[in-house]
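Number of protein chains: 2
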Amino acid sequence: MAKSLGRLFRAFQRLGSLTPAKTHLSPPSTGVPEGTFVRTVVELPSLFCLKPRDFSLPNSSWGPEMMRLYEYYNSQCEVETEGGGKQEGPWRRLPSYNRLFKYAPGGLYLSKIIQSKARLFTRNMRAPGAAFEYVAFANIEEQKCVCIFQAGHLLEGPPGHVHGGAIATMIDTVTGTHATLLHGPVMTANLNINYRSPIPLGSTVLLESTHDKREGRKIFMSCKMTSSDGSKVHSETTVLFLSISVSYLLR
Amino acid sequence: MAKSLGRLFRAFQRLGSLTPAKTHLSPPSTGVPEGTFVRTVVELPSLFCLKPRDFSLPNSSWGPEMMRLYEYYNSQCEVETEGGGKQEGPWRRLPSYNRLFKYAPGGLYLSKIIQSKARLFTRNMRAPGAAFEYVAFANIEEQKCVCIFQAGHLLEGPPGHVHGGAIATMIDTVTGTHATLLHGPVMTANLNINYRSPIPLGSTVLLESTHDKREGRKIFMSCKMTSSDGSKVHSETTVLFLSISVSYLLR
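Note that the protein sequences, when read in sequence, are chains A and B.
This note's numbering applies: residue 1 is where the first sequence begins, and numbers increase by one.
This note's numbering applies: residue 1001 is where the second sequence begins, and numbers increase by one.
A couple of the hints might just be wrong.
[Claimed, not checked] Some chain A residues flagged as far from chain B (calculated, every beta-carbon gap over 12 Å): (1) E80; (2) G84; (3) E156; (4) D172; (5) L182; (6) T188; (7) D212; (8) E215; (9) R217; (10) I244.
[Unchecked claim] Derived DEER-like restraints, expressed as beta-carbon distance ranges: (11) A:E141 to B:S1197: 50 to 58 Å; (12) B:N1190 to A:P128: 42 to 50 Å; (13) A:K117 to B:E1208: 25 to 33 Å; (14) A:D229 to B:K1218: 39 to 47 Å; (15) A:F220 to B:R1068: 25 to 33 Å; (16) A:K232 to B:P1064: 18 to 26 Å; (17) B:N1190 to A:N139: 47 to 55 Å; (18) A:E141 to B:K1051: 55 to 63 Å; (19) B:E1215 to A:K51: 16 to 24 Å; (20) A:Q76 to B:E1208: 42 to 50 Å; (21) A:P52 to B:N1194: 32 to 40 Å; (22) B:K1213 to A:P90: 46 to 54 Å; (23) A:V233 to B:G1216: 18 to 26 Å; (24) B:G1216 to A:K232: 23 to 31 Å.
Simulated from the structure, these hints should not be mistaken for laboratory data.
Since the structure is predicted, the reported quantities are computational estimates derived from the model, not experimental observations.
Even for Gly, the Cβ is constructed at its ideal location relative to N, Cα and C.
Work out the full structure, taking the sequences as your base and the hints as a guide.
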């Protein structure tokens, strides 16, 4: 089962449809995989179901700064050839859904009701602009990943500013996505955040994830969060991930 | 203004109505304070407004484990005297609201619309059981703070499990609340989390916050997150807070 999912994961990556978060596994290309986990059903949004919402696409809540940065990176996803044609550029936009697993067996406590209603934490609200608005772009050749994040009014911590936990959530999400793209499924083992300056609600900020090194199962990443023009540092973080087999979570 | 808010904060603490989070400032006892921040209006939920919802009270979504732990700590908030009367016990339940500031001026980016709609990140959903269900209790004499946390289905990270960012959010919230109770308003400067084992969605877990030391403006806290019976460690964290003046955020 784990191997099967792993193969599908890599196949999905090869297709260029890069998985948007470490919690997302790729939809299989030939149907629901057989395995010992009877209750595991993988949703197949792009093949057999109604098209799910891709949260990484612009919506009416995106402000000018969010749109400016989005357009900057998006324009580098496809470039013109000398003959006037189009070809893949150095960057890829990473699509982002609020779930892929319909039923994810998760252990002792997980009831069927919880399973069926589960949603990715960063994409659990449909109201545009209310909470986490973000889009990530990856540059596989240069092993870079950036994320443009617009912080909604429901993320308040200190009065008028973004909650430290919401900042941690974005850092974990972006570095985890990046680590997964490079090394397959991972789990966070350590998150060490230095908060440098508070982020006013409504701001658009930039996260830059860097792959530092890999030692066996350990993957070392770092992340810098700055104002959209890069002039102000909001946080600096190191993250340690452990490479895992998908079966670890589906036990 | 800052001094005025500081006095009100301490007065509120003396009254025993302990502030539930570092982002919450106490309502003044005599009306809206005058000051230079014309746009700052402090909501007065318990005195002049409709009673706001206290999210720390049980609701229909709380499972048996959440209720058992709640009743254990709640029973120690008021104890019987020898004469059969009642008196304050060693623990206090910390009330928890989704906002106190109606308009929190927060800097360049904060529009009036965002200000008026802002809600505390951990209390931004009204649907019982969907996201963060938690209640914190403090024992001031022993400088302890515990929090019972039931993780809802909208907090998913790895399939069937709680997102690392949601775990970070609870740790930041509980240790921040605890630090604020002991030392007044604080901001998170460093959050260093070691994730030991994943938390299945729907679980009830226990957070124990410890005050380690204070050095000038630096407040060192730690936090252990375990299964509800304490047998399994989910995470171990150190947190550094900086003591701040409220005016820092209202500039």
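Taking the hints in turn, this is what the structure says about them:
no. : hint                          : verdict
1   : E80                           : holds (35 Å)
2   : G84                           : holds (41 Å)
3   : E156                          : violated (5 Å)
4   : D172                          : violated (4 Å)
5   : L182                          : holds (17 Å)
6   : T188                          : violated (4 Å)
7   : D212                          : holds (17 Å)
8   : E215                          : holds (17 Å)
9   : R217                          : holds (14 Å)
10  : I244                          : violated (9 Å)
11  : A:E141 to B:S1197: 50 to 58 Å : violated (36 Å)
12  : B:N1190 to A:P128: 42 to 50 Å : violated (33 Å)
13  : A:K117 to B:E1208: 25 to 33 Å : holds (29 Å)
14  : A:D229 to B:K1218: 39 to 47 Å : violated (31 Å)
15  : A:F220 to B:R1068: 25 to 33 Å : violated (41 Å)
16  : A:K232 to B:P1064: 18 to 26 Å : violated (48 Å)
17  : B:N1190 to A:N139: 47 to 55 Å : violated (30 Å)
18  : A:E141 to B:K1051: 55 to 63 Å : holds (58 Å)
19  : B:E1215 to A:K51: 16 to 24 Å  : violated (55 Å)
20  : A:Q76 to B:E1208: 42 to 50 Å  : holds (48 Å)
21  : A:P52 to B:N1194: 32 to 40 Å  : holds (34 Å)
22  : B:K1213 to A:P90: 46 to 54 Å  : holds (49 Å)
23  : A:V233 to B:G1216: 18 to 26 Å : holds (23 Å)
24  : B:G1216 to A:K232: 23 to 31 Å : holds (25 Å)
The structure fails hints 3, 4, 6, 10, 11, 12, 14, 15, 16, 17, 19 (numbered hints given earlier, in ascending order).
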